[in-house]
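The listed protein sequences derive, respectively, from chains A and B.
Per our numbering, the first sequence runs over residues 19 to 425.
Per our numbering, the second sequence runs over residues 19 to 425.
Calculated directly from the structure, the hints in this document are not laboratory data.
All C-beta atoms in this analysis are idealised placements derived from N, C-alpha and C, irrespective of residue type, glycine included.
One should not assume that every hint holds.
As the list claims (entries may be wrong) - Sample of chain B residues at the chain A side, in silico, Cβ under 10 Å:
{"hint": "1", "residue": "D50"}
{"hint": "2", "residue": "A111"}
{"hint": "3", "residue": "P165"}
{"hint": "4", "residue": "D222"}
{"hint": "5", "residue": "A247"}
{"hint": "6", "residue": "A274"}
{"hint": "7", "residue": "R310"}
{"hint": "8", "residue": "L408"}
{"hint": "9", "residue": "S410"}
As the list claims (entries may be wrong) - As a list, the in silico DSS-like pairs of lysine-lysine whose alpha-carbon atoms are at most 27 Å apart:
{"hint": "10", "chain 1": "B", "residue 1": "K187", "chain 2": "A", "residue 2": "K187"}
{"hint": "11", "chain 1": "A", "residue 1": "K139", "chain 2": "A", "residue 2": "K423"}
{"hint": "12", "chain 1": "B", "residue 1": "K423", "chain 2": "A", "residue 2": "K83"}
{"hint": "13", "chain 1": "A", "residue 1": "K423", "chain 2": "B", "residue 2": "K96"}
{"hint": "14", "chain 1": "B", "residue 1": "K96", "chain 2": "B", "residue 2": "K83"}
{"hint": "15", "chain 1": "B", "residue 1": "K423", "chain 2": "B", "residue 2": "K187"}
{"hint": "16", "chain 1": "B", "residue 1": "K423", "chain 2": "B", "residue 2": "K139"}
{"hint": "17", "chain 1": "A", "residue 1": "K83", "chain 2": "B", "residue 2": "K187"}
{"hint": "18", "chain 1": "B", "residue 1": "K83", "chain 2": "A", "residue 2": "K423"}
{"hint": "19", "chain 1": "B", "residue 1": "K96", "chain 2": "A", "residue 2": "K96"}
{"hint": "20", "chain 1": "B", "residue 1": "K139", "chain 2": "B", "residue 2": "K187"}
{"hint": "21", "chain 1": "A", "residue 1": "K423", "chain 2": "A", "residue 2": "K187"}
{"hint": "22", "chain 1": "A", "residue 1": "K96", "chain 2": "A", "residue 2": "K139"}
2 protein chains.
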Amino acid sequence: MTAEQARALDAADPLAFARDRFSLPERLIYLDGNSLGALPAAAPAALAATVEQQWGEDLIASWNKHAWIDWPATVAAKLAPIVGAEPGELLVADSTTVCLFKLLAAAARARPGKRKIVTQKASFPTDLYAAQGVCDMLDLELREVSPDEVMGEIDELTAVVSLTHVDYKSAAVYDMRAVNDAAHVAGAFVLWDLCHSAGAIEVDLDGTGSDLAVGCGYKYLNGGPGAPAFMYVAERLQEALTNPLQGWMGHAEPFAFVDDYRPVSGINRFLTGTPPILAMAALAAGIDTFDRIGMADVEAKSRRLSQLFVDEVEGRCGSEVRLASPRDPAERGSHVVFAHAESYAVMQALIARGVVGDFRAPDLMRFGFTPLYTRYADVVRAAEILGAILESHEWDQPRFRTRAKVT
Amino acid sequence: MTAEQARALDAADPLAFARDRFSLPERLIYLDGNSLGALPAAAPAALAATVEQQWGEDLIASWNKHAWIDWPATVAAKLAPIVGAEPGELLVADSTTVCLFKLLAAAARARPGKRKIVTQKASFPTDLYAAQGVCDMLDLELREVSPDEVMGEIDELTAVVSLTHVDYKSAAVYDMRAVNDAAHVAGAFVLWDLCHSAGAIEVDLDGTGSDLAVGCGYKYLNGGPGAPAFMYVAERLQEALTNPLQGWMGHAEPFAFVDDYRPVSGINRFLTGTPPILAMAALAAGIDTFDRIGMADVEAKSRRLSQLFVDEVEGRCGSEVRLASPRDPAERGSHVVFAHAESYAVMQALIARGVVGDFRAPDLMRFGFTPLYTRYADVVRAAEILGAILESHEWDQPRFRTRAKVT
Chain A
19 MTAEQARALD
29 AADPLAFARD
39 RFSLPERLIY
49 LDGNSLGALP
59 AAAPAALAAT
69 VEQQWGEDLI
79 ASWNKHAWID
89 WPATVAAKLA
99 PIVGAEPGEL
109 LVADSTTVCL
119 FKLLAAAARA
129 RPGKRKIVTQ
139 KASFPTDLYA
149 AQGVCDMLDL
159 ELREVSPDEV
169 MGEIDELTAV
179 VSLTHVDYKS
189 AAVYDMRAVN
199 DAAHVAGAFV
209 LWDLCHSAGA
219 IEVDLDGTGS
229 DLAVGCGYKY
239 LNGGPGAPAF
249 MYVAERLQEA
259 LTNPLQGWMG
269 HAEPFAFVDD
279 YRPVSGINRF
289 LTGTPPILAM
299 AALAAGIDTF
309 DRIGMADVEA
319 KSRRLSQLFV
329 DEVEGRCGSE
339 VRLASPRDPA
349 ERGSHVVFAH
359 AESYAVMQAL
369 IARGVVGDFR
379 APDLMRFGFT
389 PLYTRYADVV
399 RAAEILGAIL
409 ESHEWDQPRF
419 RTRAKVT
Chain B
19 MTAEQARALD
29 AADPLAFARD
39 RFSLPERLIY
49 LDGNSLGALP
59 AAAPAALAAT
69 VEQQWGEDLI
79 ASWNKHAWID
89 WPATVAAKLA
99 PIVGAEPGEL
109 LVADSTTVCL
119 FKLLAAAARA
129 RPGKRKIVTQ
139 KASFPTDLYA
149 AQGVCDMLDL
159 ELREVSPDEV
169 MGEIDELTAV
179 VSLTHVDYKS
189 AAVYDMRAVN
199 DAAHVAGAFV
209 LWDLCHSAGA
219 IEVDLDGTGS
229 DLAVGCGYKY
239 LNGGPGAPAF
249 MYVAERLQEA
259 LTNPLQGWMG
269 HAEPFAFVDD
279 YRPVSGINRF
289 LTGTPPILAM
299 AALAAGIDTF
309 DRIGMADVEA
319 KSRRLSQLFV
329 DEVEGRCGSE
339 VRLASPRDPA
349 ERGSHVVFAH
359 AESYAVMQAL
369 IARGVVGDFR
379 APDLMRFGFT
389 PLYTRYADVV
399 RAAEILGAIL
409 ESHEWDQPRF
419 RTRAKVT
């Protein structure tokens with residue numbers, strides 16, 4: 019595709035307007051919004067108001083005056099149309115990993131006769147580490163199997179099935195309804211990690227009969243570095259599950275200051291400590307970048323962007339790279355990975371040329387397509403630059419081989 | 019004391035300069051920094067730079083370029099002189115409650131033969147709820163006893179003693195060294211909650227032979243609403259304890275993306291999820307308000323402020339209020355509480371007059387003295403207004419009796 023053809027696609031793009039909701043450096047083609055979402059244009063002022071007016075002027079009164087105490091639920095409620103849930107099923111809190119621990123432990127403890135957690139090996143490491151920690155603490159068995167073995171592993175001994183909806187490397191997508199149905203037949207819960215789904219593709223938690231989910235605030239939701247995570251607990255399960263990380267914010271009467279823990283009814287029982295107000299102000303601005311945008315449109319553009327990239331890269335780079343994501347766009351999330359023996363150095367060369375993706379060990383280049391701000395012209399240009407780098411071997415320099423602390 | 023005498027004390031106060039490190043509304047006498055610290059003057063610009071330059075311009079590269087990945091340790095290191103610890107013994111992460119869970123569970127699991135956790139009843143509720151949760155999960159017994167029973171309760175069955183150093187209501191202070199020594203003789207760990215100590219009075223974690231501590235970022239440390247908490251793990255214990263909330267940030271090689279959890283050496287093993295960068299930018303500005311200020315000076319001023327308040331209130335209000343904090347300033351933290359049957363309404367009347375303290379159920383008015391920005395003149399004026407409110411009974415109005423959601 020020519021640059022001109024790509025610009026014509028951008029001109030006809032019904033989501034083109036959304037790019038103005040972000041502050042993006044003009045010099046960059048940023049294809050790493052799946053790792054850290056871009057800065058929403060409204061975030062600096064939103065954060066400054068929270069800091070200077072609310073914290074600075076109204077101080078402690080802000081817990082009531084600005085309803086800070088309700089933000090974990092009210093900010094989360096903005097996610098309802100993005101993940102297909104009711105507002106009362108969502109909560110913003112903690113980090114993704116802490117939320118994983120909470121819901122894994124809560125679910126496992128609600129199935130005391132079942133001692134097995136099923137998950138996928140080579141899943142995102144923190145998901146595995148959290149599950150290993152829960153199993154160690156509760157004396158459960160963790161079964162880490164390959165994706166095609168998951169369904170066969172779900173049986174009457176299974177308490178929880180814990181899966182990442184969209185794989186952080188390959189972008190392969192699980193069939194949420196199929197896994198939920200199989201787990202429910204076996205009497206197990208399913209915990210979905212939506213880190214690479216929420217804000218990227220259509221997710222219908224309620225419609226697929228989901229039980230539990232967690233997700234990331236700082237990727238497609240644009241909530242800022244280390245933004246709080248979100249949790250989903252289906253309404254029908256909220257009274258049956260208890261939060262293992264008990265704290266005052268999950269208490270029925272947090273300001274009665276009584277000695278005995280008594281969980282509040284509803285989703286707030288999964289709160290623990292004092293809500294991170296400043297971080298939530300940024301996250302709210304991030305989620306608001308989806309305001310009046312349907313996830314069907316987001317998913318459709320996501321698929322077009324990623325498929326265009328696959329076509330352009332394969333057309334320009336031939337067998338130099340190997341697609342390591344599912345070939346069928348319907349089986350992918352919103353990113354694609356290509357394998358190359360020198361992926362680390364090639365990615366550094368790309369970044370030096372202003373095309374920002376990331377490297378994932380051992381040999382993958384990952385490119386994320388964020389339909390709210392990625393343009394078709396960016397995709398074509400990125401593929402063109404990748405082709406040029408591979409052809410010229412400009413990646414073959416010591417400076418591109420020096421591994422940074424964070425990759 | 020007259021207002022003029024109080025102003026003379028302020029003029030001679032060696033810490034008077036520190037008030038300029040804060041943005042405080044002129045109309046308020048803010049005696050609630052023990053609940054939410056005031057806005058540091060440098061915080062808005064620090065946060066804006068993190069948001070606009072680091073997140074907005076440098077995006078994902080900031081994890082290396084601005085060393086975001088190291089912030090949990092580097093921001094925590096600023097606390098070393100404030101709490102009497104080595105930098106490598108401190109970490110910023112999560113909320114206080116989540117940190118309590120982590121360290122309680124870690125300590126209890128390192129004493130598998132001992133099944134008892136000793137704590138104080140009527141301690142801050144979240145401490146009790148977290149301990150109840152840990153005991154429930156690990157099948158331990160929680161003994162909640164009165165302060166004078168704590169030492170007698172520590173025995174060879176005790177795995178952990180978990181205490182709040184300065185009581186959130188009365189401000190009574192435990193003798194850290196005495197508790198540590200008694201616990202160590204019995205083979206138990208001690209976990210100190212420093213929420214009402216850190217930044218308020220002198221704390222010497224290393225010097226008193228402490229094992230573990232957690233503390234709050236948003237009270238005396240001025241880190242902003244819901245700021246991340248901090249943890250202390252004595253260096254000698256770091257390899258012996260394991261973090262029950264396993265996640266990628268505590269892994270020896272977080273970016274190797276391997277399936278099996280292997281904790282890193284040192285304090286970072288107590289990390290779990292992705293660090294909350296925006297919140298930490300504010301917290302760093304908060305801790306920096308203590309730059310080049312010794313905690314001995316802070317404690318000395320704290321004691322003078324609180325004693326002046328006690329004297330002034332008792333002189334003006336007589337038997338209308340009852341001091342519910344220790345009478346000896348050396349036995350108190352940096353706040354004082356007075357009991358009054360109508361404390362809630364009286365506190366609302368005070369707030370309406372611009373004197374901000376808080377109410378603590380059932381009948382306490384709590385006043386916090388933050389030596390970095392509270393003036394002697396504020397203390398005298400606050401006591402004067404309290405006296406006037408009690409004398410005039412202006413608190414006796416329905417609008418002051420309506421309980422807010424957050425008290």
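Verification of the hints:
1. The closest approach between the C-beta of D50 (chain B) and any C-beta of chain A is roughly 5 Å, which is under the 10 Å cut-off, so the hint is satisfied.
2. For A111 (chain B), the suggested interface contact is upheld, since its CB lies about 9 Å from the closest CB of chain A, less than 10 Å.
3. With a cut of 10 Å, the hint placing P165 (chain B) at the interface with chain A is violated, because the nearest CB-to-CB distance is about 14 Å.
4. For the restraint placing D222 (chain B) at the interface with chain A, the shortest Cβ-Cβ distance is roughly 26 Å, beyond the 10 Å limit, so the hint is violated.
5. Because the closest C-beta pair between A247 (chain B) and chain A is about 7 Å apart, less than 10 Å, the hint holds.
6. At about 6 Å, the closest approach between the beta carbon of A274 (chain B) and any beta carbon in chain A falls short of 10 Å, and the interface hint on this residue holds.
7. With 10 Å as the threshold, the beta carbon of R310 (chain B) stays out of range of chain A, its nearest partner Cβ sitting at about 23 Å, so the hint is violated.
8. Hint status for L408 (chain B): violated, given a least beta-carbon distance of 22 Å to chain A, over 10 Å.
9. Interface hint status for S410 (chain B): violated, as the beta-carbon distance to the closest one in chain A is roughly 23 Å, over 10 Å.
10. A hinted pair counts as satisfied when its Cα atoms are at most 27 Å apart, and K187 (chain B) with K187 (chain A) does not qualify at roughly 51 Å.
11. Note on K139 (chain A) and K423 (chain A): the hinted pairing holds, with a Cα-Cα distance of about 24 Å set against a maximum of 27 Å.
12. Restraint check for K423 (chain B) and K83 (chain A): the C-alpha separation of about 10 Å stays at or below 27 Å, so the hint holds.
13. Only pairs whose Cα atoms come within 27 Å are accepted, and K423 (chain A) paired with K96 (chain B) is accepted, the gap being roughly 22 Å.
14. Restraint check for K96 (chain B) and K83 (chain B): satisfied, since their Cα atoms lie roughly 20 Å apart, inside the 27 Å limit.
15. Using a Cα cut-off of 27 Å, the hinted pair K423 (chain B) and K187 (chain B) holds, with the two alpha carbons roughly 19 Å apart.
16. For the proposed pair K423 (chain B) and K139 (chain B), the alpha carbon gap of about 24 Å is at most 27 Å, so the pair holds.
17. About 24 Å separates the Cα atoms of K83 (chain A) and K187 (chain B), which keeps this hinted pair within 27 Å; it holds.
18. Proposed proximity of K83 (chain B) and K423 (chain A) is supported: the alpha carbons are some 10 Å apart, at most 27 Å.
19. Distance check on the hinted pair: K96 (chain B) and K96 (chain A) sit about 36 Å apart at the alpha-carbon level, beyond 27 Å; violated.
20. Restraint check for K139 (chain B) and K187 (chain B): satisfied, since their Cα atoms lie roughly 12 Å apart, inside the 27 Å limit.
21. A distance of roughly 19 Å separates the Cα atoms of K423 (chain A) and K187 (chain A); the hinted pair therefore holds under the 27 Å criterion.
22. Distance restraint check for K96 (chain A) and K139 (chain A): the Cα-Cα separation of roughly 32 Å exceeds the 27 Å cut-off, and the hinted pair is therefore not satisfied.
In this structure, the earlier hints numbered 3, 4, 7, 8, 9, 10, 19, 22 are contradicted, and the remaining ones agree with it.
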